[in-house]
Structures are given as C-alpha cells and as structure tokens.
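Just so we're aligned: 413 in my numbering is position 268 of the sequence shown, and the numbers increase by one with no gaps anywhere.
Be careful, since some hints might not be right.
Simulated pairs of lysine to any residue, SDA-like, Cα-Cα distance not exceeding 20 Å [what the hints assert, rightly or not]:
hint	residue 1	residue 2
1	Lys151	Ala237
2	Lys260	Ala237
3	Lys151	Pro206
4	Lys186	Glu148
5	Lys151	Ser163
What follows is a list of derived Cβ distance ranges for each label pair [what the hints assert, rightly or not]:
hint	residue 1	residue 2	range
6	Arg159	Glu342	28 to 38 Å
7	Arg240	Val178	27 to 37 Å
8	Ala382	Gln216	36 to 46 Å
9	Leu270	Gly401	37 to 47 Å
10	Pro206	Ser170	22 to 32 Å
11	Arg159	Ser265	18 to 28 Å
12	His413	Gln216	26 to 36 Å
13	Ser223	Ala317	41 to 51 Å
14	Gly401	Val147	47 to 57 Å
15	Glu189	His413	16 to 26 Å
16	Gln216	Gly171	30 to 40 Å
17	Leu278	Gln384	21 to 31 Å
18	Ala470	Gln384	29 to 39 Å
Keep in mind that the hints were calculated from the coordinates and are not lab data.
Using N, Cα and C, we set each Cβ at its ideal position, and we do this for glycine too.
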Amino acid sequence: MVEPIKVLIVDDSRLFRSVLEEVLSGEADVSVVGSVFSGEKALEFVRATPPDVITLDVEMPGMNGLETLRQIQQHVQSRPGHRAVGVVMVSAFTRRGADITIQALEAGAFDFVTKPSGASREANLATLRDEVLTRIRACAQRARHRSTATRPPTPRATGTRPAVPPARAAPAASVVVIGASTGGPRALADMLPELCEHVRVPILIVQHMPPRFTGSLAESLARQARRTVVEASDGMALQAETVYVAPGGRHMVIRGPSAAARIGLNDHPPENGCRPSADVLFRSAAAVFGGSVTSLILTGMGRDGTAGLHAIKRAGGYVIAQDEATSVVWGMPGSAVEAGVADEVLPLNRIARAVADGMQRSRAR
Numbered sequence: 146m147v148e149p150i151k152v153l154i155v156d157d158s159r160l161f162r163s164v165l166e167e168v169l170s171g172e173a174d175v176s177v178v179g180s181v182f183s184g185e186k187a188l189e190f191v192r193a194t195p196p197d198v199i200t201l202d203v204e205m206p207g208m209n210g211l212e213t214l215r216q217i218q219q220h221v222q223s224r225p226g227h228r229a230v231g232v233v234m235v236s237a238f239t240r241r242g243a244d245i246t247i248q249a250l251e252a253g254a255f256d257f258v259t260k261p262s263g264a265s266r267e268a269n270l271a272t273l274r275d276e277v278l279t280r281i282r283a284c285a286q287r288a289r290h291r292s293t294a295t296r297p298p299t300p301r302a303t304g305t306r307p308a309v310p311p312a313r314a315a316p317a318a319s320v321v322v323i324g325a326s327t328g329g330p331r332a333l334a335d336m337l338p339e340l341c342e343h344v345r346v347p348i349l350i351v352q353h354m355p356p357r358f359t360g361s362l363a364e365s366l367a368r369q370a371r372r373t374v375v376e377a378s379d380g381m382a383l384q385a386e387t388v389y390v391a392p393g394g395r396h397m398v399i400r401g402p403s404a405a406a407r408i409g410l411n412d413h414p415p416e417n418g419c420r421p422s423a424d425v426l427f428r429s430a431a432a433v434f435g436g437s438v439t440s441l442i443l444t445g446m447g448r449d450g451t452a453g454l455h456a457i458k459r460a461g462g463y464v465i466a467q468d469e470a471t472s473v474v475w476g477m478p479g480s481a482v483e484a485g486v487a488d489e490v491l492p493l494n495r496i497a498r499a500v501a502d503g504m505q506r507s508r509a510r
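All chains, full assembly: derive it from the sequences and hints.
Encoded structure:
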C-alpha cells in the first residue's frame, strides 16, 4: 500500500492555512503533516521531518517564498542520499506575486496555484481543491521517481537523439511555435537563450498561465534571452528576432497571409481545459505557414498540443518533443510521441541546436 503524500502548508495567513487544511482533509492519499506561518518555521520543519510536498506562500513577511524555496533546496541537496521534496507555490493575483512566482518556477518550484478571490466561498474551495490536489499528486509522483529535490539534472546527451540525422529534415521555418505547461518556465529559461542565438524567425509561445503572470514571464525571458520578448497583443505584426508569449486567459492565433502575418487574440472557449491553448496556436500556424512551421512541445501535464501537431504534420511542418528524462511532467510531449506526431524526441539541452541543424540541412538540399 502506498503511503499518503505528506504535505507541509506554509502561509503567513492563519485563515488561508485553515482553508488549505480543509481542502486537503478527507483525501485518503494526502496527509497534512504540518502547517506553519513563515519561511523560517518551514526550514525548521524540513530539517526535522522532510515532507513529500510543500505548499509555499509566495509573499510572506521576512523570508519570502522565493528565498524559502532556495533555502529548502540548499538544505535538501546538501544531505547525502537526499529525498526529493516538491514545492508548489501559492500566489496572489498581484504584480509582485507574479514576479516572485515566475522566479520561483525558474528556480525549480514544481508549479503554482493562485489564491481564489471569487464571491462564493463554496466555488473558491472547489476551485482550490481541484487545482491544489492535481498539483500535489503530480508533484509527489514526479518526486518519488527523482533523486534530486526540485530540478532534474540535465542528462548527458545520450540515447534519445538518433545517431544519424532524421530521415526528414526540418523545414526552413518561417515561424517556431512552442507549447508548454508544468515545468515550462524553467524549460523556456534554459532553452530560449540558445534558440534565439540560432533562430531569427518569430517565436510564439503558449505557456499555460493565468492573466498577469504571462507578462512577468515575458519580462523574465527577455532578460535571459537578450531578445525582444513581449506579451502578445491583438493585431501585432510578426517580426523577426521577436518572441511572443500568449497572454494568460486568451487564445493566441496567427492570421495570414504569411507574408504579412499578424497575431490575433480571442476569448473562445478553453480547449483541453486551457486558455491559451497550444492546439489553437498550432492549428493557426499550420493554416498560415503550411510546411514552414517548426513546433516544439515541452514539459507539461495533459494532452494540449497533440491535436494541433497533427495539423502541423499534415501541412508538412516539423515537430520536436522534449524527452521524458528532462521533462518535469511528460504529459504533453508524451502524448505527442504516443500519437506519432513527433519527428524527434530530444533532451531539453539539445532542442535549440536541433532546430538550427534542421534548418541548415533543409537549406542545403
């Protein structure tokens, strides 16, 4: 019998700690082993009795969530044979909260949830229960299969990329489209700087996030990639050497003709429970650019992106999926591989080079 997931709640609000305990109570596979009000107390708890998963408030007096995360990482990684401890950040809908959350995700937090602020307590509890439990369970599943605390080491490049070039070269892409979810901010922060070194065409990103957080993500990626990275607006013209991040809560599409393509935003219903949805972006890219699309499907829960990748493949485009070893959750890329739409399956640290190599081979033919 599998032991319940041991959860530590960290939040400076006594009320919210009690709400989280209420949300998690009654779940046979979850056990709240502690509830503390500060980062300092969280560190004391972790040193004495490490939990499996920590829900960690982003904004706390004294040591905030980001600094607490880093201290937990340092402690866990300093212990010989350390056991993984997953961290789910809990953030408010504030600009400061969004900025710190993005930094925490890039530093290795598993994922985050937002504190609900609706008028109905019952609806807030239901939303929080669904979001927190989904992430705690996914985080624990991943942590139990990893030997490090918060971030899997980047593996040496062995075994996952073919020893010879793929039978079909990547097209000389007019656009690169990317879909990501859980683990995406860290993956993008690692990959995008190298990708921008090799690729001048427009890059469009769907990262599953709510409003406000995608603006902070774009600013963070811009600092790291040293490239223009913007949160997309309706009607923006696609330009070379520019990265566009879909705004939280809105679908992003590409509108033709290809020679004068622009970005469109809409509020159509979510797909795969997501808005923005990678499927929506991918379908539009295939419709406008046909075979000159290169698509990257990165770490994330669920199946978003797979249906849209079918459209890209039918149009003659190219698909690279992140491999399981370097994915925080191999849901989205795993779904693409299972569906047979991935041309290559690569570790994160080889994807940017593969895009560039494919384009060079295509031009040489």
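Hints versus structure:
1. Lys151 x Ala237: Status violated; Cα separation ~24 Å.
2. Lys260 x Ala237: Holds, because 5 Å separates the two Cα atoms, which is no more than 20 Å.
3. Lys151 x Pro206: Status violated; Cα separation ~25 Å.
4. Lys186 x Glu148: violated (25 Å)
5. Lys151 x Ser163: Given pair Lys151, Ser163 holds - Cα atoms ~17 Å apart, limit 20 Å.
6. Arg159 x Glu342: 28 to 38 Å: Since Arg159 and Glu342 have Cβ atoms about 49 Å apart, the given range 28 to 38 Å is violated.
7. Arg240 x Val178: 27 to 37 Å: For Val178 against Arg240, whose Cβ atoms are near 33 Å apart, the range 27 to 37 Å holds.
8. Ala382 x Gln216: 36 to 46 Å: holds (45 Å)
9. Leu270 x Gly401: 37 to 47 Å: holds (45 Å)
10. Pro206 x Ser170: 22 to 32 Å: Because 27 Å falls inside the window, the suggested range holds.
11. Arg159 x Ser265: 18 to 28 Å: About 22 Å separates the Cβ atoms of Arg159 and Ser265, which means 18 to 28 Å holds.
12. His413 x Gln216: 26 to 36 Å: The hint (26 to 36 Å, Cβ to Cβ) is violated, given that His413 and Gln216 are roughly 43 Å apart.
13. Ser223 x Ala317: 41 to 51 Å: holds (48 Å)
14. Gly401 x Val147: 47 to 57 Å: holds (51 Å)
15. Glu189 x His413: 16 to 26 Å: violated (48 Å)
16. Gln216 x Gly171: 30 to 40 Å: holds (32 Å)
17. Leu278 x Gln384: 21 to 31 Å: violated (42 Å)
18. Ala470 x Gln384: 29 to 39 Å: holds (35 Å)
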